[in-house]
Amino acid sequence: MSAPAIPRAVRERTLLRSLSLVIVGGLLIALITGALSSYRNLQLAYGGYYFAALAGLTVLAGLSGQISLGHGALMAVGAYTSGLLIGNEGWALVPALVAAAGVSAIIGIPLGLAASRLRGPYLAGATLAFAVGLPALADKFPSTFGGENGLTINPSMPPSWLGSNFALERWEAWIACACALIVLFVLYNLVHSGVGRSLRAVRDDEIAASLCGLHVGRNQTVAFVVSAACAGLGGGVFTVVNQLAAPGSFQVQLSLYLLAGVVIGGLGSLVGAIWGAALLVFLPNWTTDLANSFSLSTNVSHNLPLAIYGVVLIAAMLLWPSGIQGGFRSLGSWLWHRRGRRSRSPGAPADRPSAAS
Amino acid sequence: MLAVHELSAHYGPVRAVDHVSLEVSAGSVTAVLGANGAGKTSLLRTITGLIPASAGRVIFEGEDITRRPVEEIVRRGLAHVPEGRGVIAELSVDENLRLGGLWRGRDAAPRKEIYELFPRLHDRRTQLASRLSGGERQMLSIGRALMGRPRALLLDEPSLGLAPLLVAQIMAMIRRLADTLDLAVLLVEQNARSALSVANRGVVLNLGRVVADEESHRLAADEGLRHAYLGF
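Protein sequence lines, in the order shown, are assigned to chains A and B.
For the numbering used here, add 1211 to where a residue sits in the first sequence, where the first one is 1.
For the numbering used here, add 13 to where a residue sits in the second sequence, where the first one is 1.
Treat each hint with caution, since some may be false.
As the list claims (entries may be wrong) - Computed spacing ranges between beta-carbons, pair by pair:
no., chain 1, residue 1, chain 2, residue 2, range
1, A, R1251, B, R119, 17 to 23 Å
2, A, M1528, B, P123, 30 to 36 Å
3, A, R1328, B, V27, 44 to 50 Å
4, A, E1300, B, R119, 41 to 47 Å
5, B, H135, A, R1251, 40 to 46 Å
6, A, S1541, B, P132, 32 to 38 Å
7, B, H240, A, I1418, 34 to 40 Å
8, B, T139, A, L1304, 40 to 46 Å
9, A, T1355, B, V27, 40 to 46 Å
Said to hold, decoys possible - Negatives, chain A to chain B, calculated, CB over 10 Å:
no., residue
10, V1309
11, L1324
12, I1418
13, C1423
14, L1425
As the list claims (entries may be wrong) - Some chain A residues close to chain B (C-beta under 8 Å, calculated; not the full set):
no., residue
15, D1416
16, A1419
17, G1424
No lab work stands behind these hints: they were computed from the structure.
Every residue, glycine too, gets a C-beta built ideally from N, C-alpha and C.
Excised from the complex, chain A in its bound form (with noise of 0.2 Å):
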C-alpha cells in the first residue's frame, strides 16, 4: 500500500535535509574558523554553547509553549558536571560532554515532572527559583564545587593531527559548533517527528490532543527533559572553552539573558536561536563599548546590558512580536507576494487562497 511509504519518504527527506545542512554548516565553520582572529574564534564558541541552551529552549518555549526562567541553572548543572568529570576525574572531552547532557537531562526529570502540573506564571515562579537557588549549592560544598571561584580545568588541546600551530581559540570554535550543530539537528528532527506535532498539539489544545490518545504531562516532561539536555550541552562546553566553572557565570540573569535570547530571536524557531546567541554574544560588549564612550560609572555600566535586554525585548514585542527570525519572515513573503503580483498581467484577479466555505 502506499500510505505508509509517504511518512517514510517525509521521514527520510527531514533526516536527509537536516544531515546536508550540518555537514555544510560544519565545513563552513572549519573554513571560516580558519580566517577568523582568535578573539572572534573565542566569539564563536561563545556563541556556539549559546546556541545549544537557546535551541534547546525555544523548542521549550515555542512548540510546547512552557516557559523555563532556569535554563542557567540547568547550563550550571551540566558546566559543573563536565568541570568535575574532566578535571577531577580525568575524563575525555566527549565522554565528559555527553554526560553533562545526560546529568541535566536527569535534573530536567523531576523539574520536567513539575513543569507538566504548573501553568505560566507559577511553572515560571518554579523554574526561577531553581535558577535562583541552584548555584548557591556551590558555596555549600566547597571542598566539591571549589565554592566562589569555582571549578578550573586545563584547556582542551587540540588533537595533533590538526598541526602544531593550530589555535586554541580555533579548536574552542569547532568543539563548540560541533555541539551546536548535533543539538540543530537532533531539535530540528524532533521537531518534524511525530512528538514535534504532539508537543504543538499539546500547546494548542490540551484536551483535544488527550483525546488523540497523546499523554499530555509525559509530552511536556519529555520536552522539558531535551531541553534540559541541551542547556547541559551548552552549559558543558562553556566549562570546556572558558576552562571555568564559577557560580558567578550562572546568576540568575543568564536565564533571564536565554529567555530574552529566545523571544527576541523568534520564540520556537531553531534560526531565531541564532540571532539570539549572536545577541547573547556581542549585545555585552557593545554595551560596554556604550558605557565607556559616555564614561559611565561602573555601577551604571554593569547593569547596562541588564536594561538594554530589557528595552529590545519590549521593544522587539511591540514591533516584532514574532522575533527577529518572525520579522524576516514576514518580510519575506511581503517580498514575494510584491513579486508575484508585478508578475502578474495588469487586472488579473489575485491569486488569493480560496476561503472556505
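Mind docking chain B on chain A? Use the hints.
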C-alpha cells in the same frame, strides 16, 4: 459495547449529570437530546474522563473504565469528537490526521481510507486546519478520531453552526460509519430532528436526568415529549 450505569458528575455543588444510564451497541447510533444545559456535553465528557465521575460506572467492552485517564480510555477504542471540533489549528490537515493515529503506530488507519471518506479533506490536506471551514473542521475532527480505529465514537454537536445541507451530509455520514465500521455511536445533538433521522435510539436529558429513552421513531412520534424538550 458501551454501557453507562447511574453515572453522575458535579461542577462544584451543581449536579450536571444525574444518575444517567444508557447503552449503545455496536453498529447502532444513540442520540442524546435535550435543551441547552441539559447535561449532554457533560455526559460525554464524563464518559471519556474529562470530568471525573462522582458516582456510577462506565463499562466499555465489558471493562470498567470509570475514572481512568482520558488517553487510556481513548486508547481502548473510545473516540470522542469534542464540541467546537478541537482541531489543532496550527497543524495541516494531514498532520492533524497523523496525530489521531500516532498512538496506534503502524496499526493506525491508513490516511487514504479517511481521505476516501472525506474527499474534501484530501483536496486540502496540505492546508493549515485554521484555514478550514466549519464543515471541513468537523470532517477533520471525525477523520482524526477514526485514525485510531475506534470501536465507539462519541460525537458532541457535530451539526453546530453548519448549513442545513451540510448537517444532512454529516448525519448521513455518521449513519454510514456506524453501519460500515460497526461503530457504536453516541451522538449528542441539539438538532433533535436530524439526529433522530439517523439514530436507532434517542435518550432525552433534562437537568442532567434521563426523561426518555426510546427507539427513535417512537420518540419522534411522541408529541408531548417533542414539545416539552425537543422543540419541534
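Hint by hint, here is what the structure shows:
At about 50 Å, the beta-carbon gap between A:R1251 and B:R119 misses the expected band of 17 to 23 Å. Evaluation of the 30 to 36 Å hint for A:M1528 and B:P123 yields a failure: the beta carbon distance comes to about 44 Å. Taking the beta carbon of each, A:R1328 and B:V27 are about 26 Å apart, not inside 44 to 50 Å as hinted. Taking 41 to 47 Å as the suggested C-beta distance range, the pair A:E1300 and B:R119 conforms, at roughly 44 Å.
Under the hint 40 to 46 Å, the C-beta atoms of B:H135 and A:R1251, about 52 Å apart, miss the expected range. Restraint check, A:S1541 to B:P132: a C-beta distance of roughly 34 Å satisfies the suggested window 32 to 38 Å. Taken as a hint, the range 34 to 40 Å holds for the pair B:H240 and A:I1418, whose Cβ atoms sit roughly 35 Å apart. Restraint check, B:T139 to A:L1304: a C-beta distance of roughly 44 Å satisfies the suggested window 40 to 46 Å.
Take A:T1355 and B:V27: their Cβ atoms lie about 57 Å apart, and the range 40 to 46 Å is violated. With a least CB separation of 29 Å from chain B, A:V1309 remains clear of the 10 Å interface cut-off, as annotated. No beta-carbon of chain B is positioned within 10 Å of the beta-carbon of A:L1324; the least distance is around 16 Å. Distance check for A:I1418 against chain B: the nearest CB is about 6 Å away, which does not clear 10 Å, and the non-interface claim fails.
Distance to chain B contradicts A:C1423 as a non-interface residue, since its nearest Cβ pair spans about 5 Å, not more than 10 Å. For A:L1425, the condition that its CB be more than 10 Å from all CB atoms of chain B is violated, with the nearest at approximately 6 Å. Evaluation of the A:D1416 hint against chain B yields a held restraint, the C-beta minimum of about 6 Å falling below 8 Å. The restraint placing A:A1419 at the interface with chain B holds, with a minimum CB-CB distance near 4 Å, inside the 8 Å limit.
With a cut of 8 Å, the hint placing A:G1424 at the interface with chain B holds, because the nearest CB-to-CB distance is about 4 Å.
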